[in-house]
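Asker: Start from chain A and add chains B and C according to the hints.
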Amino acid sequence: MVAGVFPLAEAARAVGSDLVDVVELGSPGVAPRDLGLTTDRVDALLDADLVLAVGKGFQPGVEEVAHRRSGPTRLVLEIPDPAKGVEGADTGERGTVEGAGTGLADDPHVWLDPRYMEAIVDEVAAALSSIDPDHESDYGRGARRLVDDLRMLDTLFARTLATCERHTIVVAHQAFGWLARRYGLTQLSLAGRSPEQEPDPRHLADLAERMRSEGITTVFTEPLAPEGVAGTLAREAGAKVATLDPLEVSTADEHDTRAGYGSVMEANLAALSSALGCRAP
Amino acid sequence: MPWPFDREYMQLALIAGLVVGACAPLVGTFLVQRRMSLMGDGIGHLAFAGVAGGLLVGTSPTWAALSVATLGALLVEQLRRRSGAQGDVALAVMFYGGIAAGVVLMGRSGAGSASVLSYLFGSILTVERSEVALVAALGLVIVVVVAVTHRGLFAMAVDEEWARVAGLPVAMLDTVFAVLTAVTVVTAMRVVGVLLVAALMVLPVAAAQVSAGSQRAILLVSSGIGMIAVVVGLGVARWLGLAPGGTIVLVAVAIFLAVTVIGWSRSPRHEPEHGNAGHAHLHGGHGH
Amino acid sequence: MTEPLLVCEHVSFAYRHESVLRDVSLTIGPGEMVALVGPNGSGKSTLLRIAVGLLEPQEGTARLFGETPGHGRHHGRLGYVPQRPNLGDGLAATVGDIVSSGRLTRTGWWRRGGPGDRSAVGHALEAVGLVDLRDERLSRLSGGQQQRAFIARALAGEPDLLVLDEPVAGVDVESQEGFRTALVDLVRERGGTVLLVSHELSAVAGDLDRVIVLKERIRFDGPPGGLAADEGIHLGVHDADLPFWLERII
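Residue numbers (the numbering used here), protein chains in the order written: chain A, 1 to 281; chain B, 1 to 288; chain C, 1 to 250.
Isolated chain A (complex conformation) (with noise of 0.2 Å):
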């Protein structure tokens, strides 16, 4: 099977295991909005028997391929909001995003809230085992394993985040809205939806205003971006610049160390916990 982006790769080796051989488009280092359409990948769009993607545009070279397969695909947007079912299950605030144009509706990052990616998990195994009834039980298996390293790092994240003296993050592009719903957070972001528009520089005063009143410490780039803008903001703001990932790929340090969703995310809490000043539980 193909994965579109590093986070559904993870789930869907986590689910399949030593069953699912998973192709992961792109190499390490390169961000998936940019990857351009070969032939080889192209060939193992429409071969694959199952094909995860994100949808709506994310990737739309790979969303194009996937709607000429025989098939079936997975378009993790068309996954139904988990936390619609359990409103306010145990976040009683929810995050607020601010930034150019955009809400949630735009920001296809799911996968940076635990409980959206127990949904993307489900829908895996449930996928993998209807093309593989055989193996239905080790899917279940696989899944559920996942699902319960997920609910730990749920907690972790509720838990440190809710000890925190301030709840804003500067981000560079508008990625981390899911993330920022799920614990409270309020998003602010230099750019839009992509983070390679240049932000307008009425919108980068206005920032550094109000990081200032605000006293925010930090803000955060991502690692295949370069510090660029987010560079000028700090500076202005007498704020630091730090790594914030919203795996959209896998970055060559992670291979080479076998780091995975859960290591990243904890280095992602670790980093928000610095930022915010948040009591580690």
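Any given hint could turn out to be false.
[What the hints assert, rightly or not] If you only want the chain C side, here are some residues facing chain B, beta carbon under 7 Å, derived:
| hint | residue |
| --- | --- |
| 1 | Tyr80 |
| 2 | Gln83 |
| 3 | Leu91 |
| 4 | Leu104 |
| 5 | Trp109 |
| 6 | Trp110 |
| 7 | Arg137 |
| 8 | Asp165 |
[As the list claims (entries may be wrong)] So these bits of chain A aren't anywhere near chain B, every CB distance computed over 12 Å:
| hint | residue |
| --- | --- |
| 9 | Val20 |
| 10 | Asp49 |
| 11 | Ala158 |
| 12 | Ala242 |
| 13 | Glu266 |
Just so you know, the hints here were simulated from the structure itself, not pulled from any lab data. All C-beta atoms, glycine included, are put in the ideal place defined by N, C-alpha and C.
Answerer: Using the frame of chain A, we list chains B and C on its own:
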């Protein structure tokens, strides 16, 4: 069909590519002869602004690109006609204006960079049947228009004033040609992308001119080279897993270089063998 | 004399405030071979451009075959040889391509030529002695050969009036001879008319019916013999003579 065209998406890419490979040099021939080789590039920039505008207002990027490119081409034609020597600067203003407007509109529309890249570098592997039909239809229009206008366009390329005295409808042919260029750029945009459109219009012509003599031969040979570049480019892209648009253009570059080097080795000095010795060759020698 | 081919009446023209032509009137009839001469800046090229419809007179009128130049249906009757265009390497056309395009004045720009058109092209090539170079690239020809190709382009349209702008400037002796043959052939064999603007007349001096000397106004208009009688000037003795006698007459 045999490898590398064994799969449907490769066959669709091949058809669309062949149409573009055949048509782009037909129009490019006149761009080269009128010393407007960079026009295709400029119109490409304008088409990019059209794509961005289309994404912003939610209409089809292709039709938006076609209308902006056509309007732009007509405007460029007017500027060229009116401002003479200043025309060069006027063109530069339009073309940079085009790409800048494209970037601004793209930022405004919030479209992901992926969709931008697919127009800048082409996305021939994702063309659908309906698009192939559209490309083929546009290709047919291009061939027919060139077939009807090529004599007049050639006469104008040689000497526009002579063409006017000869009673050719110069302004009308210029307009038709501007629109033709825009249509070709937008048709080729999907195959090799906005940034490389001009390459497919100009490189096969440059290669054909090294060997072919007559106007007719240049049209046919350049068209053939365009198609060869597409077939070989797609094959190589499949073989080595490369980006197809760029590979097609690289093959065209390779053909041009090969033909040029062969041309050099055949006749190291382009002295005419005819005519009487001792003539002053005011235009003697064919460059190089 | 039958209907005149070209009539200019009281034509004046100025670039900005510098008058180039003032009150110029002339008539060219059929079967004449006429040379229009004058020093640089005398307005002869301007007059020629008015005659073929590339410029409009600011005062007075010009009529070509009884119509306003550039408008009407006379294009097929006019053959125009501009000053040699500056051809870059961009234009990889053969002599045949260039000469064939001359037929467009007769066939229409959109139509493919028939056998009659091809034979006209063949005759034109023959008239200027370029049959052997038909498939040669224009850019590989000498200046004189290129000029002959452009004359052949005009002849291919089988014009009644052939207008040439500085056709022999910098042209080799063989090409001058070919050029003369072509013009004489047109006038004597086919009853055509030639209007030629030139510095150098030696190549055709003996064949001219009429010389018009222009400097802003018409200074002389008559047979070359008259020029000799009035001013004691003989044409075509030597290329370099022209500027001298022009100075004397003006």
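Asker: Taking the hints in turn, state whether each one holds.
Answerer: Hint-by-hint comparison with the structure:
no.: 1; hint: Tyr80; in the structure: 4 Å, holds
no.: 2; hint: Gln83; in the structure: 10 Å, violated
no.: 3; hint: Leu91; in the structure: 5 Å, holds
no.: 4; hint: Leu104; in the structure: 6 Å, holds
no.: 5; hint: Trp109; in the structure: 4 Å, holds
no.: 6; hint: Trp110; in the structure: 5 Å, holds
no.: 7; hint: Arg137; in the structure: 6 Å, holds
no.: 8; hint: Asp165; in the structure: 10 Å, violated
no.: 9; hint: Val20; in the structure: 23 Å, holds
no.: 10; hint: Asp49; in the structure: 17 Å, holds
no.: 11; hint: Ala158; in the structure: 31 Å, holds
no.: 12; hint: Ala242; in the structure: 24 Å, holds
no.: 13; hint: Glu266; in the structure: 29 Å, holds
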